[in-house]
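Visitor: Modelling step: build the complete structure from the supplied sequences, incorporating the hints.
Residue numbers (our numbering), protein chains in the order written: chain V, 1 to 321; chain F, 1 to 450; chain L, 1 to 670.
Treat the hints with care, as some may be off.
Pair by pair, the computed Cβ-Cβ distance ranges are [claimed, not checked]:
#	chain 1	residue 1	chain 2	residue 2	range
1	V	P270	F	T4	45 to 53 Å
2	V	G77	F	T4	53 to 61 Å
3	V	P7	L	S483	54 to 62 Å
4	F	K444	L	S483	25 to 33 Å
5	F	K406	V	S12	51 to 59 Å
6	F	A55	L	P573	37 to 45 Å
7	L	I329	F	V80	31 to 39 Å
8	V	D141	F	V80	41 to 49 Å
9	V	D141	L	G375	57 to 65 Å
10	L	R337	F	G399	56 to 64 Å
11	V	F46	L	S483	54 to 62 Å
Covered stretches of chain F (in silico footprint by chain V; criterion: 3 or more residues with CB under 8 Å from a CB of chain V, positions within the stretch not fixed) [to be verified]:
#	segment
12	81 to 90
13	205 to 219
14	230 to 244
15	291 to 302
16	343 to 355
I should point out that these hints are in silico values taken from the structure, not numbers from a laboratory.
From the three backbone atoms N, C-alpha and C, an ideal C-beta is built for every residue, glycine too.
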Amino acid sequence: MTELEIPVEKWSGAVRLVTLGATGDGGTRTSTVTVGGETTLPFLHFEGQIPNAPVVAAEVVDMHPADWSPALLEALGDDTRDPAAWARKMVGLGADLISLKLRSTHPDQGDRSAADAVATVKSVLAAVGVPLIVYGPGVVDKDNEVLVAVADATKGERLALATCEDKNYRTIVAAALGNGHLIVAQTPIDVNLAKQLNILISDMGLSLDRMLMDPTTGAVGYGVEYTYSVMERLRLAALMGDGMTQQPMICSVGEESWRQKESRVADGVPESWGEYATRAVVWEVTTATALLHAGADILVVRHPRSIAQVQRSIAALMKGV
Amino acid sequence: MALTGLQIYKLLPQTNCKECGFPTCLAFAMKLAQKGTELANCPYVSDEAKASLDAASAPPIRLVAIGAGERAFEVGNEVVLFRHEKTFYHQPGLVVRVKADDPKIVELTARMVSSYAVERVGMSLRLDGIAIEDSGGGAAAFAAAVAVARSAAPGLPLVLMSTDPAAVGAALDEAGADRPLVHAATAANWQAMAELAKKHSCPLAVRAESGDLTALADLAAQVQDAGVDDIVLDPGTSDPAGMLAAFTQLRRLALKKNYRPLGFPIIAFVGAGSAEEQAAMAAEAITKYAGVIVLDGFEPALIYALMTLRQNVYTDPQKPIQMEPKLYEVGAPTASSPLLITTNFSLTYFTVSGEIEASGVPVWLLVADADGMSVLTAWAAGKFDAEKIAKTVTASGLGGKLKHHKLVLPGYVAGLSGEVEEELAGWEILVGPREAVEIPNYLKSVWKAD
Amino acid sequence: MAGRTPKPKAKVSVTFAPHGRTVHAAAGANLLDIALASDVKVDAPCGGQGRCGHCRVKVEAGTLRRRHNPKLARAEEHEGYALACEAFVTGDVTVSVPTAEEIRSRPRPGTAAEKIALPFHCDWQRHPAIRKLTVHMEPPSLADNTNDLDRLRRELARQHGINDVVVGVGVLRTLAKALRDADWNVALTLDMRNWVLDATVPPRLLAIDRASDTSPNFGLAIDIGTTSVVAYLVDFATAEVVDTVSAYNGQISCGEDVISRIVYSQRKGGLERLHHLVIGTVNELLHEIAGRNKIDLTDINEVTAAGNTTMTHIFLGLDPKYIREEPYIPTASVLPRASADWLGLDINPHASVYCMPSVGSYVGGDISAGVLSSGLFLTDKLTLFIDIGTNGEMVLGTKEWLISCACSAGPAFEGGGVRDGMRATAGAIEDVWINRETYEPTFRTIGDRPALGICGSGLIDLLGELFVTGMIDKSGHVDRTLSSPRVREGGHGYEFVVAWAPETGRGHDIVVTETDIDNLVRAKAAIYAGFRVLCTSVGVALADVEQILIGGAFGQYINVEKAIEIGLMPDLPWERFEYLGNTSALGAYTALVCTDMRHEVVAIAKRMTYLELSADNAFMDEYTSALFLPHTDLATFPSVKVQVETNGTAARHSGHRSRAAQRVSAEGDS
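Guide: Written out as structure tokens, the structure reads:
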């Protein structure tokens with residue numbers, strides 16, 4: 001029989017290249033991370049180019065997250081009391097970059113000041129050489145206050161400021177524009193809303209190579225299929241040449257998956273759920289892998305074993321055939 | 001290739017006789033295009049039209065049944081590459097592999113696999129089968145292991161893993177009536193394997209090496225020529241990248257090229273790594289086209305996550321996204337926080353909860369089951385009326401959570417407030433704003449706990 | 001001005017006809033500026049931005065340098081027409097300017113006060129529905145003692161070849177006296193509708209008059225809208241519309257939309273009340289039309305009525321309850337004839353009343369009638385027929401197939417759910433332009449009254465203007481940084497002041513708020529999503545639609561250009577759009593006079609496929625996609641894309657550029 005003709009799609013578009021972190025011009029990183037550039041669906045090396053592997057960001061919080069799952073706290077140890085040490089540890093465990101959540105600035109979580117937040121960000125920047133994604137507390141007014149202060153104080157670092165949402169993006173975008181940073185545009189699991197926010201932000205003059213999109217993550221068992229399909233659709237649209245869907249995608253895998261009962265509760269659950277520590281890690285890895293195959297470029301995860309496994313998977317998937 | 005509704009319509013009699021159960025020929029044609037009905041329902045279709053429609057509607061991936069009886073499962077018959085294009089229909093069977101050499105372990109594993117069940121969103125999820133792997137102990141030992149598994153787990157579908165026709169023959173003499181999946185026919189043994197599969201009417205997996213799809217197609221064609229119809233494909237890849245490439249190419253060949261020799265479901269092996277390594281491989285297999293997934297050993301923590309992911313991925317994405325109807329806490333509401341009600345359309349929920357969050361006022365947000373419709377649509381369709389609102393409040397388990405009895409209705413159903421007040425004795429019914437964007441203002445300046 | 005004529009300015013003389021006024025101006029000056037400076041009234045609501053096309057003048061002598069503008073057809077240019085704002089004087093010239101009266105009375109597309117005619121040729125003469133025939137009988141005698149009715153039948157057969165006739169008891173009661181009063185020479189009014197097509201179906205006797213009686217023979221075609229009721233009085237002898245009348249549907253006090261009416265109908269006595277209200281409205285119209293035309297209402301011998309499914313149900317006294325509830329089915333789609341006295345209509349009590357058949361619960365007889373009168377059922381062209389109101393109903397198809405759907409747009413286009421929205425009555429702002437540089441609006445009201453509010457077409461205009469001038473962004477949010485007193489934060493978020501209190505007839509500012517804008521965007525998104533889903537459902541592209549027929553009472557007031565700008569209508573060449581006026585009333589009229597069309601409309605309703613959108617996730621997806629200006633996928637709106645890119649934020653932030661400079665970059669000189 002003759003050789004089979006493998007159907008190959010001729011995509012006209014590519015995922016946009018986005019570089020996080022800067023090593024000069026105000027940037028103090030020792031290395032940068034570039035994502036995007038794919039000209040095919042995830043890991044289809046036979047069809048197109050995948051110049052940059054997806055990357056793993058480790059989640060670090062600026063205060064000891066006492067409410068986190070015991071399995072996580074045990075694995076992370078005492079370093080959770082110092083964001084700089086925590087970040088250093090995660091880089092040592094193989095994280096490509098750090099996602100720093102400024103949770104303590106939340107009005108209900110200590111309401112620390114923007115100046116405190118700036119100090120925290122600076123300490124983490126000093127502790128690690130990898131790029132940073134910085135999340136505000138998730139409350140509109142405080143997000144604006146904190147992220148603007150951080151953006152001003154770290155001009156040129158190419159931080160990714162998170163998150164811009166349709167109700168609140170102008171201030172953060174302006175701060176990114178003025179200080180050479182990036183933003184993360186988050187929309188609630190909808191292709192059109194994602195695209196609309198990209199358009200609105202780009203209409204403000206922020207260049208598209210400074211934007212990541214977060215289509216909102218659902219964990220396995222908690223809406224992962226919606227995220228999966230929205231991401232798949234966004235990626236297909238990007239490859240078909242729709243310029244407003246070509247932003248690399250970032251997923252908060254750790255936050256979503258560790259929030260669920262399966263990852264938090266060891267006792268008093270059905271036996272068929274299996275052994276707790278394994279289940280919790282598997283939950284994070286399964287969520288991460290599914291989204292990797294839907295087109296995730298940056299996966300934010302929490303557990304050291306997850307970081308290791310997702311990195312192994314990415315390395316294996318990047319081996320062309 | 002799939003025809004559009006209009007293309008099918010042109011082949012139909014266009015008499016709108018309604019005998020098919022649809023009001024018009026076009027409605028029937030559109031449903032046919034979505035594979036929601038069968039051509040046989042049209043009593044007047046011409047033979048000519050029938051021939052061309054049949055050709056277009058033959059499933060590009062054959063539906064293959066594995067096992068017999070109640071626990072048998074079907075895989076294949078998929079029509080899309082991406083679930084959002086339609087849906088994935090037949091979820092992959094999850095089976096657990098066990099080596100044949102220790103009958104005790106075979107028995108124990110079979111029992112555990114067979115009895116494993118986990119509840120999720122009101123459904124009982126179960127494993128689909130057990131794969132007995134020949135460990136080279138000879139035909140009799142293999143057949144004995146299969147017999148042990150059968151008696152330990154009656155009715156549980158089997159995968160017989162051996163490339164030795166003698167071993168498979170002996171095992172099929174034992175379990176052939178159960179329609180086990182035989183794995184695998186290879187370039188070296190296919191004649192004998194095909195003979196056995198045909199004799200016992202069993203599905204047969206064909207295996208190539210390292211993703212050689214040309215060889216796989218040859219093998220599948222040979223086996224089919226030998227009289228085996230139910231085929232499962234194993235491209236022989238064991239690494240994530242190779243598996244993804246091979247599985248994607250198989251699915252594309254079947255769907256886009258309508259390439260019949262490879263129009264069969266695929267079997268995946270996730271290897272023998274740690275739980276998280278297997279999880280990563282299996283998650284890939286679930287999302288990317290596997291029909292049967294073989295896990296290495298019985299590990300409930302892994303199985304639970306995979307069955308959940310499988311259930312998620314095989315949910316019909318054409319159904320509107322609905323929120324679970326229940327009481328949500330937005331912020332950290334207290335006994336004197338306001339209580340708002342809305343419907344379970346996801347976008348409505350996201351908009352309302354987003355505005356509440358933005359307001360900084362913690363709120364109890366009660367989400368009513370309105371079939372995933374927005375407030376106005378649900379009201380128009382009679383799915384968000386006074387009775388439904390009252391029922392939702394009563395069944396919400398609000399109980400002692402509130403020290404007030406005030407419910408805020410969406411402004412769009414202001415007209416229902418009187419009726420709701422009648423249905424909910426002792427409650428004060430307030431009318432909130434029509435538009436979500438006005439909620440912050442309402443919460444800050446209008447709403448009062450007392 | 002334009003700054004593109006650098007040479008020293010020679011003086012030229014410009015004469016404006018018919019005023020006869022001659023002024024001197026510098027060569028190269030803009031004609032509109034010259035006119036305004038000379039107190040010559042030229043209508044320019046867009047303020048001379050080249051966007052409204054209203055300031056047209058005709059060159060009578062001499063020449064003008066002018067830029068091509070899409071508002072002016074090439075043919076018109078060749079005839080000598082020019083837009084004053086786009087014209088520059090180069091030498092002595094005489095132009096004629098339409099007078100104020102001409103401007104006022106200029107019909108908008110499709111609103112021409114032309115005679116209402118049958119929309120296409122049909123052979124009504126050969127198959128008249130209601131006919132008057134004279135019959136002469138010998139008086140009965142002892143020798144010929146056949147009873148009255150058989151005598152009539154006998155002569156009808158002998159003299160007209162009509163072998164049988166249906167006579168109801170009501171008519172029968174009058175028979176004996178009528179025959180004798182007429183001295184056995186009678187004029188019969190017969191409903192021959194079915195007989196003309198199938199002679200085995202006997203005609204129905206509607207009235208008996210003296211043979212000498214020359215009273216006319218009228219029919220009535222009614223459009224029963226949720227908001228208003230329109231009636232055409234038709235002379236069966238000529239098939240012409242004698243007069244038209246309209247009034248608000250008396251049911252409005254019981255709710256503005258069909259769902260509210262259905263809810264009302266479930267109250268005790270609610271259905272009866274609604275039924276009597278609409279019958280009352282029709283009777284009022286009848287008396288108005290009778291008084292005006294000095295006719296006797298009993299000379300109206302047949303009625304056809306087109307309305308949405310709910311209105312039709314209530315008109316006939318059928319319970320509409322199940323229209324609203326899943327699985328959304330009406331009592332009947334093809335409705336039996338009703339008699340006028342049974343319904344309580346003040347016309348010939350024996351007249352038949354025929355309701356146009358519906359397709360589904362939300363695609364009613366008004367739409368079947370629309371498909372009939374629009375000729376969609378006869379065309380080879382891929383056609384989209386739309387009727388926009390509270391519900392947007394639409395039909396896609398050709399003569400071979402038809403598919404329809406309805407999407408709930410909400411009341412925004414009828415002025416509902418919008419702070420200063422109102423129905424299209426006197427004082428409603430219906431036409432708005434906003435100046436790009438000053439953000440000052442100019443508007444017109446219906447009847448040139450002080451503004452009372454904004455009607456649907458005005459809201460579409462306003463939304464389009466706010467968008468193309470960059471005052472709101474693509475998500476409909478007002479630009480907070482604009483320095484205009486008209487942009488301000490109101491009690492309900494940001495708003496734009498369309499008219500200051502003193503300019504209005506209401507004593508307060510007329511504004512459009514961000515919430516109003518949201519509502520409008522949702523309304524337009526629902527309609528556009530309907531178009532897309534309808535096309536996708538049968539596998540055709542919206543861009544392949546060859547003609548878009550805009551029907552319905554509201555449709556004729558929509559400015560297509562603005563409707564495209566906001567993404568309500570697909571971005572197709574303007575010539576593919578056609579306004580058809582009140583297609584529902586026209587359809588009822590067509591079915592009234594053309595016997596075969598009465599059967600055709602039933603066939604249309606039966607073969608039209610109804611697509612239920614509530615069962616369709618694709619609709620939600622398209623809807624979200626359309627919740628953006630003009631659309632999330634800007635590539636599907638190429639002409640708007642050009643505008644947005646040319647005139648968008650860049651122009652706004654570049655300071656005070658002259659409008660000429662802006663326009664030159666867009667089009668260049670011609």
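Visitor: It remains to establish, for every hint, whether it holds in the given structure.
Guide: We went through each hint and held it up to the structure:
1. A C-beta distance of roughly 47 Å is found between V:P270 and F:T4, which places it inside the suggested range of 45 to 53 Å.
2. Range check, V:G77 to F:T4: Cβ separation about 60 Å, and the 53 to 61 Å hint holds.
3. For the pair V:P7 and L:S483, the beta carbons lie near 57 Å from each other, so the given range of 54 to 62 Å is met.
4. Range check, F:K444 to L:S483: Cβ separation about 29 Å, and the 25 to 33 Å hint holds.
5. Restraint check, F:K406 to V:S12: a C-beta distance of roughly 56 Å satisfies the suggested window 51 to 59 Å.
6. The hinted window of 37 to 45 Å between F:A55 and L:P573 holds, with their beta carbons roughly 39 Å apart.
7. For L:I329 and F:V80, the hinted distance range of 31 to 39 Å is satisfied, since their beta carbons lie about 32 Å from each other.
8. Judged by the Cβ atoms, the range 41 to 49 Å given for V:D141 and F:V80 holds: they are separated by roughly 45 Å.
9. Here the CB-CB span from V:D141 to L:G375 is close to 59 Å, well matched to the stated 57 to 65 Å.
10. Taken as a hint, the range 56 to 64 Å holds for the pair L:R337 and F:G399, whose Cβ atoms sit roughly 59 Å apart.
11. Look at V:F46 against L:S483: about 57 Å separates their beta carbons, and that is inside 54 to 62 Å.
12. Coverage of a stretch by a chain is defined here by at least three residues with a beta carbon nearer than 8 Å to that chain's beta carbons; for the segment 81 to 90 of chain F and chain V the count is 3, and the condition holds.
13. As drawn, the segment 205 to 219 of chain F meets chain V at 5 residues by the rule of a beta-carbon pair under 8 Å; at three or more, the given contact holds.
14. Beta-carbon proximity to chain V at under 8 Å applies to 5 residues in the segment 230 to 244 of chain F; the threshold of 3 is reached and the given coverage holds.
15. Remark: the segment 291 to 302 of chain F is confirmed as covered by chain V, as 4 of its residues place a Cβ nearer than 8 Å to a Cβ of that chain, reaching the required three.
16. Note: the segment 343 to 355 of chain F has 5 residues with beta-carbon separation from chain V under 8 Å; the three-residue rule is met and the coverage holds.
The structure is consistent with each of the numbered hints, conforming to all of them.
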